[in-house]
Amino acid sequence: MKLSRIQELLRATMISEQGGDDPDIKYAKASDLMSDVLALSQAFSDRNTLLITGLTNKQVVRTCEISGIRAIVFVRGKNPRADTIELARQCNITLLACKLRMFEACGILHNSGILAPAGPCGDPRNAR
Amino acid sequence: MRAEALLHQEYAIRGGDFVNAGESSCKIRNTLRQIGIDSEVVRRIAIAAYEAEMNVVMYAHHGKMEVNVYPEEIRLTIDDSGPGIADIDLAMQPGYSTASEEMREMGFGAGMGLPNIKKNADVFNLTSRVGKGTRLEINILLNGKNG
Chain A
1 MKLSRIQELL RATMISEQGG DDPDIKYAKA SDLMSDVLAL SQAFSDRNTL LITGLTNKQV
61 VRTCEISGIR AIVFVRGKNP RADTIELARQ CNITLLACKL RMFEACGILH NSGILAPAGP
121 CGDPRNAR
Chain B
1 MRAEALLHQE YAIRGGDFVN AGESSCKIRN TLRQIGIDSE VVRRIAIAAY EAEMNVVMYA
61 HHGKMEVNVY PEEIRLTIDD SGPGIADIDL AMQPGYSTAS EEMREMGFGA GMGLPNIKKN
121 ADVFNLTSRV GKGTRLEINI LLNGKNG
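So the sequence lines, in the order shown, correspond to chains A and B.
Using the numbering used here, you'd call the opening residue of the first sequence number 1 and step up by one each time.
Using the numbering used here, you'd call the opening residue of the second sequence number 1 and step up by one each time.
Hints are computed from structural coordinates only; laboratory data are not their basis.
Don't take each hint at face value.
[As the list claims (entries may be wrong)] Simulated crosslink set (DSS-like; lysine-lysine; CA at most 30 Å straight-line):
hint: 1; chain 1: B; residue 1: Lys-118; chain 2: B; residue 2: Lys-64
hint: 2; chain 1: B; residue 1: Lys-27; chain 2: B; residue 2: Lys-118
hint: 3; chain 1: A; residue 1: Lys-2; chain 2: A; residue 2: Lys-78
hint: 4; chain 1: B; residue 1: Lys-118; chain 2: A; residue 2: Lys-26
hint: 5; chain 1: A; residue 1: Lys-26; chain 2: B; residue 2: Lys-27
hint: 6; chain 1: B; residue 1: Lys-119; chain 2: A; residue 2: Lys-26
hint: 7; chain 1: B; residue 1: Lys-118; chain 2: B; residue 2: Lys-132
hint: 8; chain 1: A; residue 1: Lys-78; chain 2: B; residue 2: Lys-27
[Unchecked claim] Pair ranges (Cβ atoms, derived):
hint: 9; chain 1: B; residue 1: Lys-64; chain 2: A; residue 2: Arg-5; range: 38 to 48 Å
hint: 10; chain 1: B; residue 1: Asn-143; chain 2: A; residue 2: Lys-2; range: 28 to 38 Å
hint: 11; chain 1: B; residue 1: Lys-118; chain 2: A; residue 2: Asn-111; range: 34 to 44 Å
[Said to hold, decoys possible] Among chain A residues calculated to face chain B with C-beta under 8 Å, some are:
hint: 12; residue: Met-34
hint: 13; residue: Ser-35
hint: 14; residue: Ala-39
hint: 15; residue: Ser-41
Glycine included, C-beta positions come from ideal geometry on N, C-alpha and C.
Let's have the full structure, built from the sequences with the hints guiding it.
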């Protein structure tokens, strides 16, 4: 699913777009724990993965850069500070913000076909 | 005898510097990508480096991260001056953490760092002296367990 469609589904605001790029997203992870995001990082799939989080500090962007995640949706109406936005621009990571709670955002995206990345804690075969 | 490193880089890490935390690991990631290292190897090194860098920022006074690229493997060494780890077996248990509230607010300190580093390493060595500091050495083979 195109990120622009995800933006519509979540009624999200585009905070920082990267060069008009509209990546294809297949998977999502939702967490406020960056160590968990890193621990569940999977070979190859993270390129098509979206992070849903309520944390807005620079470490969120760093975590995505390290694991290869290309887009972040901030939930619960949170907006990142200028230094987080600037780092995302440097790292070529798209930032969106929505007013939904994390659970709601996850439900909408999962219902629309976005899956958990394959792995010990999120095998798409068990997810439906 | 070990071959000479094809690439050697060193980065200083300051304890408590949450603003720049992760910058060195991102630089290492970008350098390894630029020289054409396999993307899966880069991902594993970058995750291990980032978790290790965060550990120095969170717990130590200062540290040094060194990366050496050899024809067969990449070696990452992180030395820090700090409180050290009294019980390494306990520290290695997933979920065990002595993190402060500030660290947890940054999204770290969940007790997953060291197990996560080990998971991504082909060789993992952690030594520590209480009151002095900690040394972490990891090797990732260029044709390793996930490569």
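Hint by hint, here is what the structure shows:
1. B:Lys-118 x B:Lys-64: Roughly 19 Å separates the two Cα atoms, so the pair holds.
2. B:Lys-27 x B:Lys-118: Holds, at about 21 Å.
3. A:Lys-2 x A:Lys-78: holds, 23 Å
4. B:Lys-118 x A:Lys-26: Given that 30 Å is the threshold and the Cα spacing comes to 28 Å, the pair holds.
5. A:Lys-26 x B:Lys-27: holds, 28 Å
6. B:Lys-119 x A:Lys-26: Holds, because 25 Å separates the two Cα atoms, which is no more than 30 Å.
7. B:Lys-118 x B:Lys-132: holds, 22 Å
8. A:Lys-78 x B:Lys-27: Status holds; Cα separation ~28 Å.
9. B:Lys-64 x A:Arg-5: 38 to 48 Å: holds, 46 Å
10. B:Asn-143 x A:Lys-2: 28 to 38 Å: holds, 36 Å
11. B:Lys-118 x A:Asn-111: 34 to 44 Å: holds, 37 Å
12. Met-34: holds, 4 Å
13. Ser-35: holds, 4 Å
14. Ala-39: Holds: closest Cβ of chain B sits about 5 Å from Ala-39 (chain A), inside 8 Å.
15. Ser-41: Since the shortest Cβ distance to chain B is 6 Å, the answer is holds.
In the structure shown, no violation is registered for any of the earlier numbered hints.
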